[in-house]
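Asks: So the sequences go chain by chain: B and E.
The letter at position 122 of the first sequence is residue 122 when you use full-length UniProt numbering, and the numbering goes up by one with no holes.
The letter at position 186 of the second sequence is residue 186 when you use full-length UniProt numbering, and the numbering goes up by one with no holes.
Hints were generated in silico from the structure; no laboratory data involved.
Model, not experiment: these values are computed from the prediction.
Just to be clear, a hint being listed does not mean it is correct.
Unchecked claim - Below, in silico cross-link-like pairs of lysine to aspartate or glutamate (EDC-like), each with a Cα-Cα straight-line distance of 20 angstroms or less: (1) E:Lys110 with E:Glu99; (2) E:Lys110 with B:Glu502; (3) E:Lys114 with E:Glu153; (4) B:Lys373 with E:Asp62; (5) E:Lys108 with B:Glu271; (6) B:Lys517 with E:Glu106; (7) E:Lys87 with B:Asp40; (8) E:Lys90 with E:Asp62; (9) B:Lys270 with B:Glu502; (10) B:Lys517 with E:Glu96; (11) E:Lys108 with B:Asp40; (12) E:Lys131 with E:Asp95; (13) E:Lys113 with B:Glu271; (14) E:Lys190 with E:Glu180; (15) B:Lys270 with B:Asp40; (16) E:Lys89 with B:Asp508; (17) E:Lys114 with B:Glu271; (18) B:Lys517 with E:Asp91; (19) E:Lys56 with B:Glu364; (20) B:Lys270 with E:Glu153; (21) E:Lys114 with B:Glu502; (22) E:Lys56 with B:Asp371; (23) E:Lys111 with E:Glu152; (24) E:Lys87 with E:Glu99.
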Amino acid sequence: MKPAVFISLGILAYAIFIVWHGFRSFKSTSESSEKFFTADRGLNPFVLLCTTSISVFSALAFYGAPSGIYKDGIGFYSNTGGMVAGLMFVILGYRLWLLGKEYGFTTPVDYLRSRYYSEGYGLLVSIVLILFIIPYVAMQLIAIGDAVVVTTEGMVPYVIAVAVGTIVVSLHIIGGGMGSVAWMDTFHMCLGFGTLLTLIVYLTMHYFPNGGFVEAVDIMRQNGTFDILSTPGPNGAFDWKGIVGNALTGAIATVVWPHIFMRTFVASSKENFRQMSWAMPISYVLVYTPIVLIGAILAPAILGAGFDKPDNIVAVLSTQYAPPFIAFISLLCLFAFGVSTADSLLLSASAMASRDIYLHHVYELKGRSSDSKQVVKFGRIVLLVLMIITLIIVAVRPASITDYAYKLSSPFFAQILPATVAGLFWKKATKEGAIAGTVSGLIVAIIFTFIVTPPLGFSALIWALVVNTALLVIVSLCTKVPEEIIAKYHTRIDSIIYSGAELTSLTDATIAAVNEK
Amino acid sequence: MMFKLLTRTNLAEKETEQESELHELVPDTYNLIPFQVYQVGIKHPDTWHVFVNPSKSFAFHDGFAKIDRSADKKCADQASLSLRWAKLKKDTNIDEYMEEVQRQYEKKQKKNKKDHFEILSIEPLDNMPHKAYLMYSSIRANHSVYRSMGQEETIMAMQLTTYCPVTKRLVIANIASTPEDFDKKNEIYKEILFSLTCH
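Isolated chain E (complex conformation) (with noise of 0.2 angstroms):
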């Protein structure tokens, strides 16, 4: 009796129904579709799952959402999509922002001198609703609190940042993954970030 009133929720035997459900019925291919929340939106790969951090604010005014299938061993794709929308205290230049970036990763760098973060490129882009760049950046880190215990590992991030006037709030969308996994997939990764809405 203990037992059964102790093993009556399996969370995860719920979720894992539905989703070899879903690997039955689509195939392991780029197909995004859409995800949105509180007006911000972005296109995602139909095989990639959406974390909610319930520690997090999570409101129309500040929120931050995960979308990524790394929990898949078998998928070689490691590909991390984050979400991330605030409301400004003040009206705030996206330049300014932009420019605080840059102080924060050198900032990080000083920091932690043997992990390496490196920001590659900022571009600003055209073909945005709103004044937006784009930006390339790199960590280089060790997973294991003991350098020697552990591997060094090279992340890439493309960064989309803009600035929605409509709702006065700042919405980035960011991918992270290795460089191979960039060399390979750019233009689609590329082609989600640019599908980023925000009102």
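If we strip away everything but chain B, and leave its shape as in the complex, we get (with noise of 0.2 angstroms):
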């Protein structure tokens, strides 16, 4: 059989295999939007580790690290700072899911909204956040596909792999919702990690088989390339002010992109919070460190200095540098970081679409009634719209946007962090702040991203973070929050909400058990 063939094959029973998965417990989502957008509220510790982690991960993590390793040198290591995100996933997180619990939150807007008093103000953040979702899973998608062309060796025509690749993600969140994505992501770390493994073992033994890492070492003190292993590296881009901004980047804003803060409200009990503090920096580091070990080891060793495509240095190597058989785990382990991330995006798209944008306007706040099931209904004919948006998105391939739509995502997923943040703990935090500190952050991201050059070398994310906070705690100070919040969401959490959710969780159980016989 030709490698091209059985590299397709493989794609299709790996596709085939994630539909069915999604749509298996396609009745039991149908029931309740509980279920279907956040498996009620019980995933189990592993699962949600798997989860987040993996979710973190995004396919440009795959092919993005490695080939910025290769340009700029080890001190793009320092983004691992993301792994302050495992703390910070258990100082917010907590709060928020107790506050999840209480009060029925689902998505940042939901909180949001409800916390700082304003429907404008949430439908800012909701569509702020769906529009930039959108870009980012269609840049997974073309990374997939784009490494299915190359793969496959033209067999499997761009159009066909983005199509596939796009219908099968949705149709897997269509049919299953969160509790189907995180098992599936759970699936998918074991998989990346695996993958990835397998890929530095093979290349490392096939290339380097008198001493391994060593002798990759000492080939690049020979080949000119010593210097990635040093700071500021080859273009001086990580010196100390460098290295900071780009752990910052990767610390502070991770736990407010919406697919990872919709994970603070699925875990199943307060101790899956303690475990995470821990567990998520191990993972992090456990799944960051290989894909490290090939930009600043393996690739320069292999192709020497001033490779013209640094971009690609993954798929060269995996395609041209290796037997088909790993070329088609290297495509899996791209499989497991797009579509981890994408169908967790898409889900938090749709969410935010249907529950906070169309339900809410058109039904809630007209004082009609929507069942539970509509809501699931609802969820997931949004998946559908999205889908197509997105298809067309990968199709047509408009680079301008997509690529200023992808530049300008992770600055404005982190607009949220201060509001997130102050509402979670600090009583004097206003809705004025909020959109005050929100808006001007958006502005000042667009502004150091496409017109001026951030200042002081720090990121055009840190500059909007710094601003937006500031007139979050400025505007605040000069207004008042209702005292009606100040109890909702500050006097009330610590109090009678922890042992109450300990109570109703007793109840419910003891009723499912009885239902159960």
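With the hints in hand, could you dock these two chains into one complex?
Replies: Structure follows, in structure tokens:
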């Protein structure tokens, strides 16, 4: 069998497996929106860890991080500052989880709209998040499509690859919702880590049989790529400011990405958060370190200096420097990272578009009621619409729009961080402060991304967050938060909520057990 | 213009307006008023708020509501009343349910060794329209993710459970508060629970 045929059949089997996995729980997830969007707030610690960790890593991390290190040096590794996300997940996540259980929050918009008592602010946040989720998802699918074309030597055309990818990811979520996404992410976490190790072991044993990494580093001394292993790196990008900026970017923004934010609501118990505080940094380093090894040691030693397509080093290593089976393994790894990010983001976009925009504004605010099954139905319809929009974007590939939106997505998602933190821990945070901070943060992010180079070597994201936070604090100090809000989000959370939630879950568990008999 | 648009709907101000009016009119005493939904009714102090979780089912066959005043820091009363009703999949004897409750407490205790979940007493009630049980339980837990960073807290709960053969629903009313609060207000809390109606 030709390698391209073998790989194409493998991709087909993988696609069928994913769709089957989603639709096996179609009936049960149709019953309630809690089940569809939050998996009944009952994810066990291991699944929660895997789905959160793998969702942080995108297809672009698998392809982008090694090329970033190859170009700018080992300083790029500093974005493992993202491991702090584990701590952030605990500090913010536990309080969000309590509030979610008590007031039924499912999305970041639910929480922010309610805490800042403003429908307008909720609408602004939901529109910004949804608008910038779609190009980010599209970029995952485009990366997958490109890789499929290269790996199958053009046997599967680009349009077919991205169409299949988009439809498969969408159907998987439409079928099984959050529960299915979380379990598939767990599978992808194991798959991604396993395939990464296989790729590294193969490349190391095949090309450096007489010393492994030591031999590879010796080759780097001779072929002029050794400065990749030093700071500030070949282009001087990672001096202390570059390293701090890179670390902060990864560390502080990750937790408020919509799909990660939503995972704070789906934990089954308080224990999950305690475990996440140590397990998430470990899983982050475990997954990220092999990716770094490819860019910092294997690629420079194998490809040498001045490789003309640094963005493609992983694709080139796995297809031109490895047998078809390893190429397929590498493709699966890309799928693992890409699909896990795309499905989680699409689900969060669906939750926000259906619940926070359509149902909230068309039904709830007009006093009309909608039942839980209807919410799931709307969520699925929204997913179909998002699938079509994503299909058009990935097929047409409007480079400028996609690139601009992608560059802005991370700094834009991060702009809800100050309002989220202040809303949880600062009683004086007001609606006016949140609006002023978020809007100014978005403006600063645009200016420093496209118009002016950010000063002092810090990124647009950092500057936008500084301005956002400063305005939130200043405007909040000049305005007043209603007593009702302080009571609901600060006083109440410190008193009866936790124990009350335990009693409620005991009653629910008893009813469920009696029903199961 | 943008700012105006964004601040157009101020949910809290609406609620606060109503709330302050209520405080002025009603003195801070236990004046019990009826709350009824889907034929499940209970009396509660008129200063307490009803909280409905939009993500949970709220229908005739299955529902949940919380009524409490724990949001008001000035009020020493931190009690929380919750109402739960559910149609069971088969005709279940209430005794079976009560046995299952005990199993669930034991299970919870086994899972959370550092917290304390205990059923203090279960007694049958004669003065209710249907067979009912009054259960006292206690939970000792810690609010913080890390125990060393938070305080241990004991919560007492008094729960009235009944099965309504007319509507074929299990109906549960539960009041949770601190042990000190229960010492002072046990009788009024009993009065609240005994006002439970199910059809």
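Asks: Hint by hint, which ones does the structure fall short of?
Replies: none
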